[in-house]
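> For the sequence shown, position 431 (counting from the first letter as 1) is numbered 431 according to this note's numbering, and the numbering increases by one without interruption.
Bear in mind the hints are in silico, worked out from the structure with no lab data behind them. Being a predicted model, the structure only gives us computed values, none of them experimental. The reader is advised that the hints may include incorrect statements.
[Said to hold, decoys possible] Result set (BS3-like, lysine-lysine): computed pairs, CA atoms no more than 27 Å apart in a straight line:
#1 K164 to K255
#2 K331 to K109
#3 K329 to K164
#4 K78 to K109
#5 K124 to K331
#6 K342 to K255
#7 K164 to K238
#8 K336 to K166
#9 K405 to K434
#10 K27 to K61
#11 K238 to K218
#12 K179 to K305
#13 K336 to K413
#14 K221 to K193
#15 K205 to K61
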Amino acid sequence: MSGAGRPKKTRYQIPRGMHDLLPEDLKYFQKIFDTCDRIASYYRFGRIETPILEQAELFTKGVGQSTDIIEKQMYALKTEGGDLLALRPEYTASVARAFIEKGMEVLSKPVKLWYFGPCFRHEKPQAGRYREFWQFGFEALGERNPVIDAQIIRLFLNILEELKLKNLMVQINSIGDPKCRAHYKKVLTRFLKSSQAGLCSDCKKRLKQNPLRTLDCKNEKCQAIISQGPQVLDYLCKECRAHFKEVLEFLDALKIPYRLNPYLVRGLDYYTKTVFEISCGNPSSELNQPLLSLVGGGRYDGLVKLLGGKDTPACGAAAGIERIADLMKEKEIKLKEEDLPKVFLVQLGNLARSKALILFEEFRKAKIPVYEAFSKDSLRAQLARADRFGVKYVLILGQKEVLEKKVILRDMKNGNQRTFRMGEIVEAVKTELKNNIK
1 MSGAGRPKKT RYQIPRGMHD LLPEDLKYFQ KIFDTCDRIA SYYRFGRIET
51 PILEQAELFT KGVGQSTDII EKQMYALKTE GGDLLALRPE YTASVARAFI
101 EKGMEVLSKP VKLWYFGPCF RHEKPQAGRY REFWQFGFEA LGERNPVIDA
151 QIIRLFLNIL EELKLKNLMV QINSIGDPKC RAHYKKVLTR FLKSSQAGLC
201 SDCKKRLKQN PLRTLDCKNE KCQAIISQGP QVLDYLCKEC RAHFKEVLEF
251 LDALKIPYRL NPYLVRGLDY YTKTVFEISC GNPSSELNQP LLSLVGGGRY
301 DGLVKLLGGK DTPACGAAAG IERIADLMKE KEIKLKEEDL PKVFLVQLGN
351 LARSKALILF EEFRKAKIPV YEAFSKDSLR AQLARADRFG VKYVLILGQK
401 EVLEKKVILR DMKNGNQRTF RMGEIVEAVK TELKNNIK
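Please work from the sequences and hints to get the whole structure.
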């Protein structure tokens, strides 16, 4: 130890951008999972888990060759057999692949799927963002109706609200379909070329490959230029405009406040029509606090067909679990306290230890949680631990009790002791706990 309370430096350390999930972290993960699972059940979403390793081409084709995920962030590897694989950078392309491969195209629509697991991106680590990070997401495949877009937004808000997060903001836009977006791209390209000198190096490159990606740039100089440029909403075709209008009407009907953001495009090529983000921030604009993005998603009507399936409209979104867990900790959102054992099992000697092991399992089957310290021999040490845990009752099993097939039940509050036959002790404890519920 280099100092009191400081972790010991070891020869092997976690790779940069990765992180251990300790029991305290996983309590929040479990709370998020349980909330997702409960809401998924109500909305009739079935859980899916896809492999962490997929063919790299699935993502280069589905997500987009010119996206940051593919150009800079995807972990790719070649196997001894020559296969080019990639660690999953996001779930949607994998879900679409499974939808096609497993024949889900014949199921009743929409096919509703949700997931909860790790993804990998080789990006610069920052607060709440890691190279191995966890996501949960919901995808609805096979339905064009705008009501699905609104329901997906409502579903994610329900999850965040049940996790007691406040000051949530929905930003929404429509980027149209490939037909009307093509015209907007030309107009945007002309505008950006006239201001090309002020763009960052990444945006100059994006201008040649995919000008829409410039709208997603976080560089302040680029944002200032883009804010003066053409807005995609002005170039939507009749169908896309009608779709977006209906989405907003459904959000109004659900009384979901939202902010139109004409420069919101999301960073993946497969999106069409509706795109949205759900962020958390301070309601006071005077504080000028930056928004923390928690959820991102939208409609991706062309992805399944692009990957070799039938023409299948779809809509979905994903959320960053670490960011949500960190925010819950920051806001000091308390988790429901687990039911801690009110009983401690003390044993003295190897014969008693053997019987105590059996008795411990009998309590487990009876669904009565019990503390134990089977590795300890001293009565004093075990009673001290029982006192530290604040248990109400202690069961004492020594050699004499084992031979007589009895167990001592001690009330830690008043010190009173009673003896029960070993075959009766589980029911006796159950009765005591029932009669002494606070």
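> Sort out which numbered hints this structure fails and list those numbers smallest first.
Violated hints (numbers, rising): 2, 4, 6, 7, 10, 11; every other hint is consistent with the structure.
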